[in-house]
Amino acid sequence: SQELEQSPQSLIVQEGKNLTINCTSSKTLYGLYWYKQKYGEGLIFLMMLQKGGEEKSHEKITAKLDEKKQQSSLHITASQPSHAGIYLCGRGSNYKLTFGKGTLLTVNP
Amino acid sequence: DTGVSQDPRHKITKRGQNVTFRCDPISEHNRLYWYRQTLGQGPEFLTYFQNEAQLEKSRLLSDRFSAERPKGSFSTLEIQRTEQGDSAMYLCASSTSGSSSDTQYFGPGTRLTVL
Numbered sequence: 001s002q003e004l005e006q007s008p009q010s011l012i013v014q015e016g017k018n019l020t021i022n023c024t025s026s027k028t029l030y031g032l033y034w035y036k037q038k039y040g041e042g043l044i045f046l047m048m049l050q051k052g053g054e055e056k057s058h059e060k061i062t063a064k065l066d067e068k069k070q071q072s073s074l075h076i077t078a079s080q081p082s083h084a085g086i087y088l089c090g091r092g093s094n095y096k097l098t099f100g101k102g103t104l105l106t107v108n109p
Numbered sequence: 001d002t003g004v005s006q007d008p009r010h011k012i013t014k015r016g017q018n019v020t021f022r023c024d025p026i027s028e029h030n031r032l033y034w035y036r037q038t039l040g041q042g043p044e045f046l047t048y049f050q051n052e053a054q055l056e057k058s059r060l061l062s063d064r065f066s067a068e069r070p071k072g073s074f075s076t077l078e079i080q081r082t083e084q085g086d087s088a089m090y091l092c093a094s095s096t097s098g099s100s101s102d103t104q105y106f107g108p109g110t111r112l113t114v115l
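Chains as they are written, first to last, in this note's numbering: chain A, 1 to 109; chain B, 1 to 115.
So that you can see chain A by itself, here it is in the shape it has in the complex:
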């Protein structure tokens, strides 16, 4: 089974709508990373969460970490077409990252 499960697998929203992407780990989370990837390109670092209850924001994107549930959520407020892409969560352990399969976000204008 996958070490990191992301949900939903894909999401289509209308521009201006809010949305949430979830990431659940089967192992203890020492560090949880969120990246964004445009199709066929590299990963862009968004945020890193380390402590339970930690919440970080960057522009209209907010990420939270629930250490006890071994879960993280990524919330986008008032989505824009520029938010479209694949969102990946990654668990840090011994210098390497283990990723989920990603969530494909489409934002319709």
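For the record, the hints were derived by calculation from the structure and aren't laboratory data.
Warning: the hint list may mix true and false statements.
Unchecked claim - Capping the alpha-carbon separation at 27 Å, the derived lysine-lysine pairs in DSSO-like fashion look like this:
| hint | chain 1 | residue 1 | chain 2 | residue 2 |
| --- | --- | --- | --- | --- |
| 1 | B | Lys11 | A | Lys38 |
| 2 | A | Lys96 | B | Lys57 |
| 3 | B | Lys11 | A | Lys36 |
| 4 | A | Lys38 | A | Lys64 |
| 5 | A | Lys51 | A | Lys101 |
| 6 | B | Lys57 | A | Lys36 |
| 7 | A | Lys96 | B | Lys71 |
| 8 | B | Lys57 | A | Lys101 |
| 9 | A | Lys96 | B | Lys11 |
Claimed, not checked - Here are some, though not all, of the chain A residues that point toward chain B, as calculated from beta-carbon distances under 10 Å:
| hint | residue |
| --- | --- |
| 10 | Gln37 |
| 11 | Ile61 |
| 12 | Ile86 |
| 13 | Gly90 |
Note that CB positions come from ideal geometry on N, CA and C, so glycine has one too.
Place chain B on chain A using the hints.
Then chain B, alone, in the frame of chain A:
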């Protein structure tokens, strides 16, 4: 800071040929990583360098794969006798030790197609 760069961006080769990819990390970063990503999957860890030392290799890295980082700067990933199953995006990332987060910054990737 020009970011992580990778060359080439795309490579098409015939089965059985050897290919080599290059990665130039962010200049002050002493850690360098290689990942492989196939369609619909997240990146999978292949190997990791701290300076010039290769400290960890995934079991995904078969004997046909070799990675080097001479002088602790750029790195190369070579695949010998390529197979169709090697078709994937090869991603390089770098980070710096000593920071609390050890955030990895990724390059644009090299897309390999084996015919």
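The hints, checked one at a time:
no.	hint	verdict
1	Lys11/B - Lys38/A	holds (19 Å)
2	Lys96/A - Lys57/B	holds (10 Å)
3	Lys11/B - Lys36/A	holds (24 Å)
4	Lys38/A - Lys64/A	holds (23 Å)
5	Lys51/A - Lys101/A	holds (23 Å)
6	Lys57/B - Lys36/A	holds (25 Å)
7	Lys96/A - Lys71/B	holds (22 Å)
8	Lys57/B - Lys101/A	holds (21 Å)
9	Lys96/A - Lys11/B	holds (26 Å)
10	Gln37	holds (9 Å)
11	Ile61	violated (16 Å)
12	Ile86	holds (9 Å)
13	Gly90	holds (7 Å)
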